Structures are given as structure tokens and as C-alpha cells.
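K.L.:
Listed here are the chains, written in short residue letters.
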Amino acid sequence: MSGRGTAIALRIAQAIPVVIGVVVISFVLTRALPGDPAAQFAGIAATPESIEEVRRALGLDKPLLQQFFIYCAQLLQGDLGQSISTGRPVVSELAARLPASLELTLTALFVSCAISIPLGILAATRPGSWVDQLCRLLVTAGVSLPTFFTGIVLVYVFYYLLGIAPSPLGRLDFVYLEPPHVTGFFLIDSVIARDWETFGGTVKQLVLPATTMALFTLAPIARMTRAAMLSALSADFIRTARASGLSRRKVLYGYAFRNALLPVVTTLGMVFSFALGANVLVEKVFAWPGIGSYAVEALVVSDYAAVQGFVLAMALLFVFLNLVIDLAYSVIDPRFGTSAK
Amino acid sequence: MKMTEITTPAAPAPAPPAPKGSGTLKHIGYVLRENPVTGLSFLMFAGLLISAAIGPWIVPYDPLATNAAAVLQPPSATHWFGTDNLGRDVFSRVIVATRLDLIISVAAVTLSFIFGSVIGALAGYRGGWFDIIASRCLDTIMAFPLFVLAMGIVAALGNSVANIIYATAIINIPFYARLVRAEVNIRREAGFTLAAKLAGNSDARVLAFHIFPNALPPMMVQVSLNLGWAILNAAGLSFIGLGVRPPTPEWGIMVAEGANYIVSGEWWMALFPGLWLMLAVFTFNLMGDGLRDIVDPRRRT
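If you read the protein sequences in the order shown, they are chains A and B.
Using our numbering, you'd call the opening residue of the first sequence number 2 and step up by one each time.
Using our numbering, you'd call the opening residue of the second sequence number 34 and step up by one each time.
Isolated chain B, as found in the complex:
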């Protein structure tokens, strides 16, 4: 895999400041070689996507089927992750839950990406009263401990999965909006912006096609880091009994169900969904760090 990445770029010069198009590929290859963990995180992400896509068809048992004859069995060859208090197969439930957890976090992050971008771009480009009002509103959201605000929103809107998504989206909007606002603001008077305007482009067009794309690379890093946080947040909400209802397989609620059995030693019910949740968050965080290295080598920490 690495060999192809080294050989594909047309420019033979090994020096870092290579010509543009091939330089990007080269740089990605360089980052992957320097930090193989990033490559691993992409592989793990692919694994998560596959289990989300075809999970329900490949799992050995029906995630909802109870079996009174096989209750609370420890992990074995027939039940890889053991069975829970109703005899359901924990492995099947963990894999099937991937889809729901990914949907919640991806949907939430998409919503906050869209709304955050629009609010941030308008505030950064227009300035003035819109900027002041928008910034004040975002500050007020940030004045709440975010998980607590999400709890309050779900309690107010009603206890459903859709509302978990909305709540997670709302608490994430400030991060995107602030990022876009800063990126747009510093380019508002830039030479290429003025040139685009002089060439007769409308404000909306300049903002959408000339300024905003510059904010995309840092946004992608933010998205990846945010996805992990959104999953944690959603799982935390369902852990305290919000959103997802009991028979549905979801990592947070499975950990909550397993927590009741941990003091009597049935560790597998809570451990495996918890591990999967951790793995997913870990994947997104590693990917975010890797993307950051690819996008902006200066921000490495």
C-alpha cells in the first residue's frame, strides 16, 4: 500500500515543497508513513462503516430475540460476547447498535456543520449587528455545561432519538460557527476576495465559492474530532435513560443495563458495548489528529 503511494506522484523530487497536485498526495503518503496509526484509524473507520451498513445481516443472532434457556452466559464459542439478562446475544446487539450510534452522531454533526457554517459565514462576512447578535447567542449556549444543556433540551422537546440528535447538534453549533466566523473574517478583505468582487460576483457567490472553501480543511478536522464527542454525548444521554428505548440495541443503554449486573460479576454485558463505544470514539479522535497533520502540519501537538 505504501509503495503505490510513494510511486504514484509524478514529481520525483523528494523535497517537501513539491509541486501542488502531486504534493498533496505525497504529503498524505508522508504523514501515513510517519504515523501509521493514522492509516490504522482509517481502516478502523472503514470497519465501523461496514458493520453499520451490513451489521444486521451478518450477526449470528437476532439482536432482539430473547432466550430464557441461555440467560447471563459468559462469553463462549456460541455467544462470543456472552448473553444478557434476557438471553439476548451481546455480540449481535453490539454490532447492530453501530448503525444507530453512527446515525445519531453523523446526523447531529451534519446539522451543526450546516447551521454553524451558515451562521458563522454570515457573521464573519457581514459583521455589524448580525455578528453581535449571533456571537451573543453562541456565547449563551457556551455558558451552559454542554451535556447538561443537552439533557435540558431533550427533557423539554421530548424523549426521542430525533431530539437527541437535535440536542447534540445545538450544543455543537458554537464550535463550527466560531471556526467559520474566524476563517471568513480574516479573508473578508483579502486580495482574492476583492478581485472576485471586482469581477462582478455577488456577495453570496463570493462568500460561498471563494471564501468559504478556505475554511473547509480546519472544518474537516473539527468534524472528525466532533464525531467522537457526539457519539460519547449521545451514549451518555441514553445511559441516563434519554432517547433510545430499552429493547433497541444502543451502546449507551446496553452499558446502563449491564451496570446493574457488574456488582454481581457479570462483566460482559457492560464491557463489550463500552469497549465498542470507546473504540469508535478512539477511531474518530485518531482520525481527527491524522487529518490535522495532513491538513495543517503546524498545528501538530
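Pulled out of the complex, with its shape left as it was, chain A reads as follows:
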């Protein structure tokens, strides 16, 4: 048991240099603004004096290394600078909008796992059947579909043609009241408030964007599940298990799937990377008030502090998700910690 504990502690420790690297890169990105960063932050209507003032205020007249430490100190205090367009601190804007993005992304990932993993298992257990062909089609189509285009097609079909989806504008139609803020996740908050109408309204708004993202993330998971199940099923221990007369269910789920799960969980890391990127595009299509559309709005008005804050926030979120995935390994894989140093 202690071996496992050490391994988990080691894995958490490994995240630290990655976080440092992420911070260094975002520092470089904030300082690599085109032209003079001070002029950028001062805005369009700046005089030479006000630019000089901004330069001093931002500490841009100091040596680069010192600037980096000031940047780190500000980060530790949760200061990502001020947004030019709204005048509010970037951190509070991001924090206010993060639940919307997380609700969308996590729902989509949940849906896509719920579909693609059984699909991959079925395809692997019946190679060449129609399920396998369907899996192959979905996998090839899924990686070729531009997320923003799928979203637009879904809006056209389900909103304009069929009229069964609500208008693609935000998290909740204006006829509903926002549920009292507890977690920021409308699905959870409306359940806590026992407001089933709002819950229904939230689900209705969520279906199309979540489907768009799920379609995009289906392909890699289904592909990896199928491949991993195929290789697990052809392994010697499965032959032994079958020869020992274990039930089909036990062989399939107790032995093959449990082993196939490891590469699938590893792929999830890559899928998260794509999903967080696709999130930006989906949020723009559906006018979803998350951090992705915040960053897009900020890009349009050259609000660089907001964009860089968004990039850093996304990277930290991704590092955190990867850490969670690796820790999930320790639960799934009983070998974890025994072979690791």
C-alpha cells in the first residue's frame, strides 16, 4: 500500500515542473505582444506620457527576470490583470464563466464516453459486423468533422428546419429564471432548487452544443476502445480464462475490458486537449457564455490580458485533468505503484 501512496505522491510532484513550464510560456506570450506591450495595455487613445505611466505600472521598465518574478507573485495572488474591455479583473470574469464551460465540456465528454466505449467493445467483439462498420464510419467521419461546422448544421436542422431545438443563444432561454447560484452548474443548481422547469430548459439548451462536442470526441475514444479490446481479447490470459470455463461476461468485462481500459484512459488525456480547444468554437457557435466565448470576444477587441489569462487558465485546467486521469490509473490498475519507482 505504501508503494502506491509514494507513486501517487510522485505523480503529483511531477505536475509541478509542468505547471512551471506553463507559467513560463504564458509569461513569454504576454511579453511577446506585437509592438510595445505597454502601448497595447494603455489602449488606443494613449499619449506617450500615459504609455510611460502604464509601463511603470506594469513593471515593464524592469529587467526581464524581475518581471517574471513579479508576474509569478501576481499569479499566486490570483491576479491576471485587468480586462480592457470590461474593466473588471480577468480572474473574476473567468471564474464567473468557468462553470458554463465546464458544464458543457463535461456533459459532452460524459455523453461521448457513454456512447463510444460500448460501441468500441461491441465492434471489437463482433469484428466485421454492422456494429464494426458503424464504428469505423463514425471514427472516420468524426475526425474529419470541423466542430464549428457540425454545430451549424445541427442548428440548421434542429432549430430552423424541425423547430424542436431552442434558439442557439446561451445557456437558458429568457423565459426561465436562472437558478440560485450554488455551484454555477445550472443542471445541479436547478435540481438543488427543485426547479424542474428550469432543469428542463437547461437540458434543452445543452443538448445541441453537447452533441456537437460529443460527436467530435467520440471518434478517438471509440477507436482506441476497439483497438485496445481487440488486443486484450487476443491475449493469452483471455484464452486461459475461456479455457477455464469462465462465463463470457466475466471474461469480457472482468478481464478483457479491465485491461483495455488503461490505453482508453490514456487517450482521454489527448481527447481533453481537443475538447478544450473545440469548446472555444462550440461556445462561439451557440453563443454559450463560457470562458471560450469570453476569449473570442477579447481577441476581437485586442484585450490581450484577457486572452492570456484564458490561455493560462485552460492550460492549468488541462494539467489538472491529466493529473486526475493519471490518478484514476491508480484506481483501475492494481499494478500501479508496484513497478514504479
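A couple of the hints might just be wrong.
To give an idea of the chain A side of the interface with chain B (calculated C-beta under 7 angstroms), a few residues [to be verified]:
| no. | residue |
| --- | --- |
| 1 | 16 |
| 2 | 19 |
| 3 | 22 |
| 4 | 153 |
| 5 | 297 |
With beta-carbon atoms standing in for the labels, derived distance ranges [as the list claims (entries may be wrong)]:
| no. | chain 1 | residue 1 | chain 2 | residue 2 | range |
| --- | --- | --- | --- | --- | --- |
| 6 | A | 259 | B | 219 | 26 to 32 angstroms |
| 7 | B | 80 | A | 142 | 29 to 35 angstroms |
| 8 | A | 80 | B | 193 | 42 to 48 angstroms |
| 9 | A | 64 | B | 233 | 33 to 39 angstroms |
Just so you know, the hints here were simulated from the structure itself, not pulled from any lab data.
Here the structure is a predicted model, which means the values were calculated and not measured.
Quick reminder that beta carbons are idealized off the backbone N, C-alpha and C, glycines included.
Assemble the complex: chain A is given as a structure, and chain B must be docked to it using the hints.
P.N.:
Below, chain B alone, put in the same frame as chain A:
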């Protein structure tokens, strides 16, 4: 077409382990026959290249010419893909856009191929501190959600097409570098490497002419799969308003312009550029899968 491919190889034996030179051709013929989709993807790729090369001269209308008399017209015989909100012909714009989209993705993939190969080969061959530092840097790039990092880079470097290319190249470098590093690393102590060194070749020469060519086949597969992804990435960036400026025809920005009209039912403005984009990505993905079958039958999934 298939007949010539079957008859050209000199070796008559139909068994798979045929003699070397003719075996490759035979194998390609075999893969194409087994999987005609691969052949189709090569044809589609040729079509894309042709429309990129001569597109501006064969399209029926000037892609930038506005026509206030023919605004938002649905697809018809005169305007195959309809017209947009300024009366521009969507078909002409879609075809002309092929060149820009291909240039962006090819340039980005070329850059990441070159830099990825150099970094990966040096890291794999020399090992030591260079390997550690390079691997750490690549890990840090991979620690970002890649599309988000590309957004950040374009925002930092400035909003231009060239910077879209650089950003797409940077986020792709780790894939190439890791692949080359692994391929070089396993051959560092191989017999032919030692023989080449004993024969008096310099390290650089051994690395460039003896070890690196072995990494090329998996690299070509990666390039093909990557091209599709690079196009998607670039189109995504221009969809959110980065890089390409409005009057320029480009698939991503055309879908973005069309998105504003989709809720009022003008579907053709967004559909056709989106379909073309999909087709291009689909072509590259199919080609990548086909190349993988040709290069390495074991990795088929």
C-alpha cells in the same frame, strides 16, 4: 489502372514476401485493390491540388466581386452554390479558397516536419542534457490544450496569416519530434549504425543518411494525418476571427460569415465551404490511413 499495377512487377510469384523492389509496387497494388478507398483518396487529393493550382482561372465569377442585384440567392444554374450577403458567388469563393487553406496547412506541416525532425534526431542521437531539455520543452507545449495555445500564440505574435502558420507549426512540432526521437533512439546502437561509423562516416552523416531515412515512412503517415488536422486548426482559428481578414476567401471565415445567416434559413453560405473543408480533411485522413497500410501493415486498426 489496376491491371497495369498487377502486370508491371517482374516477379510472377503471387506470394506476399516477394523480392524487394517489385514487392513494394506489388504491395501498393495489393493495398489499393484491398481498399479502393485509398485510391479514391489519392484522386481526391489530386482534385484538391488542381483546384488550388488553377482555381482562380477556372471559376465562373470573381470571388471578390460584389453584386447588389443578386444577394443571398439559393443555389441555381447560374450560381451553383448560391450567393452570399454581398452577392458574391459562393462556388467561386470556395474553389479559390482551396489554395490559401492548402498553403497554410502545407507550410505549417513542413515547418513542423523540419524543426521536429532536427530536434527529435538530435535528442534521440545525442541523448544527455540536450535530450532532457528538448523533451521537457516539448512536454510543456503538450501541457497546453493545443488549439488554445495556437490562439494564444496568434494573439501574442499578431493577427496575420503568417502567424497562423507559425502557431500551427509550433503546436505540431512535438508529434514529429517525439516520433523521430523514438525512431532514432532505437537505431542508435544498431549494427548498421556502428558499421557506418567504423567506415569513417561522421556523426552528422550517419544521423542524416543512415539513421534518419528509417524514420521517414512513419513520418509520411504522420504528415498526411497531420495535414488534415492543420487545415481544421487553421480554419478554426479563422472561424473565431484570427488570421485571414474578411474579404479574402477562406473556408473557416466563410463558415463564420454563413453562420450568421443559418438561423434565418440561408444554409448555402455556411454549408458549402464547410463541406469542402470536411472533404479536404477527410481526404487527408483517408490518405494517411492508406499510407499507413502501405508503409506498415502491422499498424492497421
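K.L.:
Would the hint on residue 153 (chain A) stand, with a C-beta cut-off of 7 angstroms toward chain B?
P.N.:
holds, 5 angstroms
K.L.:
So, as I understand it, the hint says residue 22 (chain A) touches chain B; can you test that by seeing if any CB pair is closer than 7 angstroms?
P.N.:
holds, 3 angstroms
K.L.:
Taking 42 to 48 angstroms as the hint, is the beta-carbon distance of residue 80 (chain A) and residue 193 (chain B) inside that range?
P.N.:
violated, 30 angstroms
K.L.:
Evaluate the given range 26 to 32 angstroms for the C-beta pair formed by residue 259 (chain A) and residue 219 (chain B).
P.N.:
At 30 angstroms between Cβs, range holds.
K.L.:
Hey, does the residue 19 (chain A) contact hint survive, CB to chain B under 7 angstroms?
P.N.:
holds, 5 angstroms
K.L.:
Next item in the hint list is residue 297 (chain A). Is there a CB on chain B closer than 7 angstroms to its CB?
P.N.:
OK, holds: residue 297 (chain A) within 7 angstroms of chain B, min 5 angstroms.
K.L.:
Verify the CB-CB distance for residue 80 (chain B) and residue 142 (chain A) against the hinted window 29 to 35 angstroms.
P.N.:
Violated, at about 20 angstroms.
K.L.:
Is the gap between the beta carbons of residue 64 (chain A) and residue 233 (chain B) within 33 to 39 angstroms?
P.N.:
49 angstroms Cβ-Cβ, so the 33 to 39 angstroms window is violated.
K.L.:
Does residue 16 (chain A) meet its interface restraint, that is, does its C-beta lie within less than 7 angstroms of any C-beta in chain B?
P.N.:
This hint is violated: residue 16 (chain A) lies away from chain B, its Cβ roughly 9 angstroms from the closest one there, beyond 7 angstroms.
Checked against the numbered hints given earlier, the structure breaks hints 1, 7, 8 and 9 and satisfies all the rest.
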